[in-house]
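2 protein chains.
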Amino acid sequence: MATSAPESVDLAAKLASFTEHWSPKIVGTFNGHDIMVVKVKGEFVWHSHADTDDFFLVLDGRLTIETEAGNVELGPGELFVVPQGMQHRPVAAEEAHILLIEPHGTPNTGDPATAAVKARI
Amino acid sequence: MATSAPESVDLAAKLASFTEHWSPKIVGTFNGHDIMVVKVKGEFVWHSHADTDDFFLVLDGRLTIETEAGNVELGPGELFVVPQGMQHRPVAAEEAHILLIEPHGTPNTGDPATAAVKARI
Chain A
1 MATSAPESVD
11 LAAKLASFTE
21 HWSPKIVGTF
31 NGHDIMVVKV
41 KGEFVWHSHA
51 DTDDFFLVLD
61 GRLTIETEAG
71 NVELGPGELF
81 VVPQGMQHRP
91 VAAEEAHILL
101 IEPHGTPNTG
111 DPATAAVKAR
121 I
Chain B
1001 MATSAPESVD
1011 LAAKLASFTE
1021 HWSPKIVGTF
1031 NGHDIMVVKV
1041 KGEFVWHSHA
1051 DTDDFFLVLD
1061 GRLTIETEAG
1071 NVELGPGELF
1081 VVPQGMQHRP
1091 VAAEEAHILL
1101 IEPHGTPNTG
1111 DPATAAVKAR
1121 I
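Top line first, the protein sequences correspond to chains A and B. Its first residue numbered 1, the first sequence is counted upward by one per residue in our numbering. Its first residue numbered 1001, the second sequence is counted upward by one per residue in our numbering.
Hints listed in this document are in silico derivations from the structure and should not be mistaken for laboratory results. For glycine and all other residues, C-beta sits at the position ideal for the given N, C-alpha and C. Watch out, some of these pointers could steer you wrong.
[Stated by the list, open to error] Label-pair ranges, simulated between beta-carbon atoms:
| hint | chain 1 | residue 1 | chain 2 | residue 2 | range |
| --- | --- | --- | --- | --- | --- |
| 1 | A | P76 | B | R1120 | 45 to 55 angstroms |
| 2 | B | A1013 | A | N71 | 12 to 22 angstroms |
| 3 | A | T109 | B | F1018 | 23 to 33 angstroms |
| 4 | B | P1103 | A | P107 | 21 to 31 angstroms |
| 5 | A | A5 | B | G1042 | 23 to 33 angstroms |
| 6 | B | P1112 | A | A50 | 27 to 37 angstroms |
| 7 | B | G1042 | A | A115 | 36 to 46 angstroms |
| 8 | B | F1018 | A | S23 | 16 to 26 angstroms |
| 9 | B | A1005 | A | V45 | 37 to 47 angstroms |
| 10 | A | G85 | B | R1120 | 20 to 30 angstroms |
| 11 | B | T1064 | A | P76 | 39 to 49 angstroms |
| 12 | A | A16 | B | T1064 | 39 to 49 angstroms |
| 13 | A | E43 | B | E1007 | 20 to 30 angstroms |
[Stated by the list, open to error] Now the stretches of chain A that chain B is said to cover, found in silico as 3 or more residues with beta-carbon under 8 angstroms:
| hint | segment |
| --- | --- |
| 14 | 6 to 18 |
| 15 | 35 to 47 |
Pulled out of the complex, with its shape left as it was, chain A reads as follows (with noise of 0.2 angstroms):
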């Protein structure tokens, strides 16, 4: 049971503490999961998860996740889920700013060699 007052997650308020790209920021938890708020803005690496499929929702801007099946044109309200194993690369040519789930742990490069450190805010 519960030990202190519920409290809600603003995710525009979470977005606005924080300028870096790439940078994912976990704002909950959710079965073993991280919530996540990211701002995104160029290209980054094609990558994949062994392991898990991987949720994205653009909150504000536009963002394009090529894939190896095809690309996906994302706007604000719009969510794509990267399937397990799919090849796919994030790019945005303005910043966007986005909601990730994935598993507490994953690397969001698909490589705990070079996955950005993933801080609680």
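On the provided structure of chain A, position chain B as indicated by the hints.
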């Protein structure tokens, strides 16, 4: 690997396709979970989920999640995860639009006997 071109999910378009309240519609899947949109208005039933957390993100309108630990007030872009086992009741004075994530097959009332059938749209 994918057998068809990847497709984004436009949450507003999905929400525009139905009118019922408290009837979650499945719009995608993620790691064994259903990603759902739901329109709510009025008071739901008090319930809990013994086996899962319960993810709520408000897309439009306002939602109160009453819990045994206190109430959580959510507006657009605000989320709350009800911890596994916590008694809660969603309440909305006016219609609100919500993104829900729950393991596939989770009864929305906490009880299969009274749960809504979740159609895929």
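Cross-check of the supplied hints:
1. As the Cβ distance of A:P76 to B:R1120 is approximately 23 angstroms, the hint placing it in 45 to 55 angstroms is violated.
2. Here the CB-CB span from B:A1013 to A:N71 is close to 19 angstroms, well matched to the stated 12 to 22 angstroms.
3. For the pair A:T109 and B:F1018, the beta carbons lie near 39 angstroms from each other, so the given range of 23 to 33 angstroms is not met.
4. Restraint check, B:P1103 to A:P107: a C-beta distance of roughly 24 angstroms satisfies the suggested window 21 to 31 angstroms.
5. Range check, A:A5 to B:G1042: about 25 angstroms between beta-carbon atoms, so the 23 to 33 angstroms window is met.
6. Our hint of 27 to 37 angstroms for B:P1112 and A:A50 holds, since their Cβ atoms are close to 34 angstroms apart.
7. Checked against the hint of 36 to 46 angstroms, the C-beta distance between B:G1042 and A:A115 comes to roughly 44 angstroms, which is consistent with it.
8. For B:F1018 paired with A:S23, a C-beta distance near 38 angstroms fails the hint of 16 to 26 angstroms.
9. Hint check: B:A1005 to A:V45, Cβ distance near 22 angstroms, so the stated range 37 to 47 angstroms is violated.
10. Taking 20 to 30 angstroms as the suggested C-beta distance range, the pair A:G85 and B:R1120 conforms, at roughly 23 angstroms.
11. The given range of 39 to 49 angstroms is broken by B:T1064 and A:P76, whose C-beta atoms sit roughly 25 angstroms from each other.
12. The supplied range of 39 to 49 angstroms is broken by A:A16 and B:T1064, whose beta-carbon atoms lie about 24 angstroms from each other.
13. In this structure, A:E43 and B:E1007 meet the distance hint of 20 to 30 angstroms, their C-beta atoms being roughly 22 angstroms apart.
14. Counting residues of the segment 6 to 18 of chain A whose C-beta sits closer than 8 angstroms to any C-beta of chain B gives 7, which meets the bar of three, so the coverage hint holds.
15. Proximity of the segment 35 to 47 of chain A to chain B, defined as three or more residues with a beta carbon under 8 angstroms from a beta carbon of that chain, is not established by the 1 residues found.
When the structure is compared with the earlier hints, violations turn up for hints 1, 3, 8, 9, 11, 12, 15 and for no others.
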